[in-house]
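Top line first, the protein sequences correspond to chains Y and U. Heads up, the first sequence is in the working numbering, so the first residue is 272 and it goes up one at a time. Heads up, the second sequence is in the working numbering, so the first residue is 32 and it goes up one at a time.
Please note: incorrect hints may appear among the correct ones.
To be verified - Now the stretches of chain U that chain Y is said to cover, found in silico as 3 or more residues with beta-carbon under 8 Å:
1) 60 to 71
2) 99 to 105
3) 142 to 151
4) 176 to 186
No wet-lab data here; the hints were simulated from the structure. Backbone N, C-alpha and C fix where the C-beta goes; we use that ideal spot for every residue, glycine too.
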Amino acid sequence: MAVRYAISIDLDRCIGCQACAVACQTGNELPAGDSFITVSDTVQSRGGGLWGSFVHHRCFHCDAAACVTVCPTGALAKQNGLTVIEPEKCTACGYCTDACPFDVPHIRDNRVSKCTACLGARGRIVPVPDARAGLLLRDGQEPWCVETCPSQALRFGERERLLAEAKSRVAALRSRYPNAAVYGETPLGGLGLLMILLDRPDAYGLPAKPVVPSTLTVWQDVVQPAASGLSALAAAAMGLMFIVARRQHAREKAEIAEETPVGGQDHE
Amino acid sequence: MSSESPRLVQRYLRAQRFIHWIGVASFLTLLFSGIALLFPPLSFLAAGGLSRLMHQIAAIPFVALPLVYAVLLPRQTKELLIESFTYAREDWEWFKHMPAYMLGRTRGLPPQGRLNAGQKLHHAGTFLMFGTVAVSGFVLWVGKGRLGANGLACTAMVHDLAMLGLSVLMIGHVYFTFLYDAFSAMRTGFVTEEYARMEHAKWLAALPSEGFAFAPDASKSAEGSEGDTKSAAE
């Protein structure tokens, strides 16, 4: 099995500086108004005091990604645990924008637009020896956001290693933040973006248990094949039946012709 | 088949046939541009948005057709709707003979009116599926990005299944057309008297005598003239 890579975000280290968002936008040459990363903040009243944190909204690179499930052309695909895009395949049908449980993909200039962990246009990871991450991406570097983060809140690498690191971070953080947890270890086949949260997911507006509704699977795996399969079957069955029926019909017409006296063709 | 009657009976007006063929073109465009999203080996057709554009362009005449039909031919529209949803005893009788009819036998069929019971059922099914496919298609088009995963899946399933229904109806429609040599009804507007007697005896009997039988040169058969439209299709 191919190695699974991931990005991790440590919200204890994040200083909310927006450097990742800006680096992403510039590095990926996104047109004005488009972005793959937004960093906002949330402030809530907690037991007489205030509690605040930064909130990152960006692709979670779900392993069982709903966007990939519904994409009819394969423009969205999984590669090494990341959800990549082949933009030239995109038909802008918009299914992914509805299917994503995190409301991430969007259509920009008739193409799907979202984080691809800075993999190239063809979405190919080029593994080269690297002490830090175990692989390199575009031009032998890490994703723009990871590379730019000034507080080491963002990391990129093999998912297993990042997950282990995140867990030990959480263990250390628990004394200060009893609700601290790694978000994304198991849901949806395991997320390719691991977040170290300092509180429960809902404090960040994240679903505690993100799910892909089963209707989506039924649609893709049952209704779609049934619709095209049964149509094809009906056409094939009718085609075969036609041969038999045509013969019978010819025979019947001959019978009628024999029974009808010549010249007896008049109406009524 | 020397007994083939040269006499022809008009079944459809020029306007009806025109609308029918616009319907065929838009339906097939919609079907195949839609299949491009269902059938992975065809997905290259969808890449770049070409099939999506075709789907959206074809959807407009497809949905507009019944409205155009109703405006141009209000009487026929009303008649068609009423006939399609009214089933008399001979229709039920007809359904009993349907298996044999599907295999090419018309013997024992109760005499049928302008539409036989199978055609009625076909039209009724088409109306219902048409409404379903048009409404769900409109929701998918306008609601893009606002439906949520569940809404998308449910609407798309309704759309897919209605289209399955329409496709099966179309396959049956084409099947019977060619099995009983009825194609000329939509090509020239006329059918042979022999066909009309086998399949629509009651309708044939009820036709006004000056209108029912149009007898062009027998050698030209059903190909030639359009005929004037005052005749039998009504």
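Taking the hints in turn, this is what the structure says about them:
{"no.": "1", "hint": "60 to 71", "result": "holds (count 6)"}
{"no.": "2", "hint": "99 to 105", "result": "violated (count 0)"}
{"no.": "3", "hint": "142 to 151", "result": "violated (count 0)"}
{"no.": "4", "hint": "176 to 186", "result": "holds (count 10)"}
Hint compliance for this structure: hints 2, 3 are broken, all remaining hints hold.
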